[in-house]
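Asker: Residues per chain are reported as follows:
2 protein chains.
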Amino acid sequence: MIIALSGGVGGAKLALGLSRIMPPENLLVVVNTGDDFEHLGLSISPDIDTVAYTLAGLANRELGWGRHDETWSFMETMEALGGETWFRLGDRDLALHVERTRRLKNGESLSQVTHDLCRRMGVGPRVIPMTDDPVRTRLLTDRGWLDFQDYFVRLKCEPVVSEVRFQGAGAAKPHPDFMAALADPALEAVVICPSNPFISVEPILAIPGVRQALTGCAAPIIGVSPIIAGKAVKGPTAKMMQELGMHPSAGTVAKRYAELLDGYVIDHRDMSQVVSIDAKVLLAQTLMTTMEDREALAKIVLQAADVLKRRKVNTRLRHRTAGDGA
Amino acid sequence: MIIALSGGVGGAKLALGLSRIMPPENLLVVVNTGDDFEHLGLSISPDIDTVAYTLAGLANRELGWGRHDETWSFMETMEALGGETWFRLGDRDLALHVERTRRLKNGESLSQVTHDLCRRMGVGPRVIPMTDDPVRTRLLTDRGWLDFQDYFVRLKCEPVVSEVRFQGAGAAKPHPDFMAALADPALEAVVICPSNPFISVEPILAIPGVRQALTGCAAPIIGVSPIIAGKAVKGPTAKMMQELGMHPSAGTVAKRYAELLDGYVIDHRDMSQVVSIDAKVLLAQTLMTTMEDREALAKIVLQAADVLKRRKVNTRLRHRTAGDGA
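From first to last, the protein sequence lines are chains A and B.
FYI, in numbering that gives the first Met the number 0 the residues of the first sequence are 0 to 325.
FYI, in numbering that gives the first Met the number 0 the residues of the second sequence are 0 to 325.
Heads up, some of the hints might be wrong.
Claimed, not checked - Computed spacing ranges between beta-carbons, pair by pair:
#, chain 1, residue 1, chain 2, residue 2, range
1, A, 60, B, 20, 47 to 57 Å
2, A, 81, B, 166, 51 to 61 Å
3, B, 184, A, 106, 47 to 57 Å
4, B, 277, A, 105, 44 to 54 Å
5, B, 162, A, 178, 27 to 37 Å
6, B, 208, A, 105, 53 to 63 Å
7, A, 37, B, 233, 37 to 47 Å
8, B, 243, A, 105, 51 to 61 Å
Claimed, not checked - With the Cβ distance kept under 7 Å, some of the chain A side facing chain B (calculated, not the full set):
#, residue
9, 38
10, 76
11, 86
12, 87
13, 93
14, 94
15, 100
16, 103
17, 106
18, 107
19, 118
20, 123
21, 281
22, 306
23, 310
Stated by the list, open to error - Dumping the calculated DSSO-like pairs for lysine-lysine here, alpha-carbon to alpha-carbon at most 30 Å:
#, chain 1, residue 1, chain 2, residue 2
24, A, 279, A, 155
25, A, 155, B, 155
26, A, 104, B, 155
Note that these hints are calculated values from the structure, not bench results.
If you're wondering where the values come from, they're calculated on a predicted model, not measured in any experiment.
All residues carry an ideal CB built from backbone N, CA and C; glycine is no exception.
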């Protein structure tokens, strides 16, 4: 079994690659829910939706969100009625939000709803929210504290970010299947997908118990850099790093995950970064433009997992033996 | 000023006719809200919507509900997701429900929301709900008590109706502008549109104060029969009359409104009904197929109002004089 920690687009691409080169039912995708929000009375989970649409082959690759087979009558009419239109909701996408909202209000958990809706969409891997408890990413900016979607969509990532908080994370319980998988001896690897560390991966790490479970995990943890040649493929990762006083590079991201990583995959173009990274570094083409790119990167990650798992097991055996002798 | 009491399709057609032959701002359409319901977490007001879409020139004449420029991506996707699809919601129609629901939750009244959304859609006449308080039409049938939309849409009016109740009506306050208009000396007429008496007009009459205000109203009250030659143009009016032990006819409907009516417009085909009706009866073509039909019927109603108003004023003057002399 493989666990993939994912935010939106970048993570979803790698998860898709993984799902195509392994039995999809052995892939558990744990998705950030810090971006979730209520809009027009609807419960919206942008990262879960991007992952689900991507894995179902429904994602809109041009837009980077929503569905490829979308129509826009709802949004056009909403505009004519003077409603809020800054968060674009397609007619088909809307069905997912309305149905999820109805079920959540009916007492089902986000996990249950996600599981069933993914099944209906034909998603092979298991997709679970990092937690069923509400966690909301909030950003301190030069325009004050902002909700994530306000920053990300409404204000197009323009405000300068000085602090990131995951409201509710401290009281949240990690998804039990996530914890169980981390403790499972059959686990082959944990993949930290090339998602934004500050707003996609760290909300997952902020949930009590997750860091400890990752540190204690027998399987290797392999990160994939979301930064290539100092730039994010998509989104505000590099911009945020600069605003938070960091140099935007693959190495800087590795430092954020430092004690967790057994292996780290960076782009060929970032060879110079190797020296600054503690984990075992693999060079690869990390830009995923085509489906072949997604599968090729996924293969490299799984090969790395295989090598690193044997190494990690040996190291642990050595430690245990040393401990026994003390 | 003219007041029109309306349910859905039939009432909306006559209201449209009226709005085209008089200054639309002088027309106040008071709409039944007994059909309103919550579905998929949305507040839906079917009669208000039919009236608004009809007056805005957006109505779907083939379907008899919704918009003519509709698309169905939402519903298709909802079906694929296993959601409820018995109440058909078009992509554009949905914008109205989502926006209304959001505003109602935000504390606005149904009147305020209706007023603003009608303005945005370019509706000329004033459209108001009969009340801002919740009233829900419930039907006792051979399948037990049913919510109106369950009976009307989900079960396609198949159950046999033995009783109709307007839950909440006793505690509801009539819309203040409706009451004010009824007391206004400038009021020319109250038109009871050709809507189902049991489920469209009587919910309005069931609100405390409405019957008294209509009885005391100086302007003539003119009904238009929803039954032509023993049949309803649309919907279950005739079927319900039979199930409730009444003979389905224009005369039977007139008896329901008996003490309220000053005039009653029936179809030429129902000439034999004249003898059984207390009010002044006008024969006309009441089937509204074309726009010309709507306008022609509206003209007859306004002409009748003019004649009957003079008569009603004279009768009142006589009564007052007689009263003074007593």
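Asker: Look at each hint and say if it fits the structure.
Answerer: Hints versus structure:
1. 60(A) - 20(B): 47 to 57 Å: holds, 55 Å
2. 81(A) - 166(B): 51 to 61 Å: At 32 Å between Cβs, range violated.
3. 184(B) - 106(A): 47 to 57 Å: Given range 47 to 57 Å: holds, Cβ gap about 55 Å.
4. 277(B) - 105(A): 44 to 54 Å: Because 52 Å falls inside the window, the suggested range holds.
5. 162(B) - 178(A): 27 to 37 Å: Once the Cβ atoms are compared, 56 Å apart, the range 27 to 37 Å for residue 178(A) and residue 162(B) is violated.
6. 208(B) - 105(A): 53 to 63 Å: 38 Å Cβ-Cβ, so the 53 to 63 Å window is violated.
7. 37(A) - 233(B): 37 to 47 Å: This hint holds: roughly 39 Å between Cβ atoms.
8. 243(B) - 105(A): 51 to 61 Å: violated, 36 Å
9. 38: violated, 9 Å
10. 76: holds, 4 Å
11. 86: violated, 12 Å
12. 87: violated, 13 Å
13. 93: holds, 5 Å
14. 94: Status holds, d = 4 Å.
15. 100: holds, 6 Å
16. 103: violated, 10 Å
17. 106: For residue 106(A), the interface hint is violated, since the closest Cβ of chain B sits about 13 Å away, which is over 7 Å.
18. 107: violated, 13 Å
19. 118: violated, 9 Å
20. 123: Result: violated, 17 Å to nearest chain B Cβ.
21. 281: Violated, because the Cβ-Cβ distance from residue 281(A) to chain B comes to roughly 39 Å (cut-off 7 Å).
22. 306: With a closest approach of 41 Å, the residue 306(A) hint is violated.
23. 310: Violated: closest Cβ of chain B sits about 44 Å from residue 310(A), beyond 7 Å.
24. 279(A) - 155(A): Violated, at about 36 Å.
25. 155(A) - 155(B): violated, 48 Å
26. 104(A) - 155(B): holds, 28 Å
Checked against the numbered hints given earlier, the structure breaks hints 2, 5, 6, 8, 9, 11, 12, 16, 17, 18, 19, 20, 21, 22, 23, 24, 25 and satisfies all the rest.
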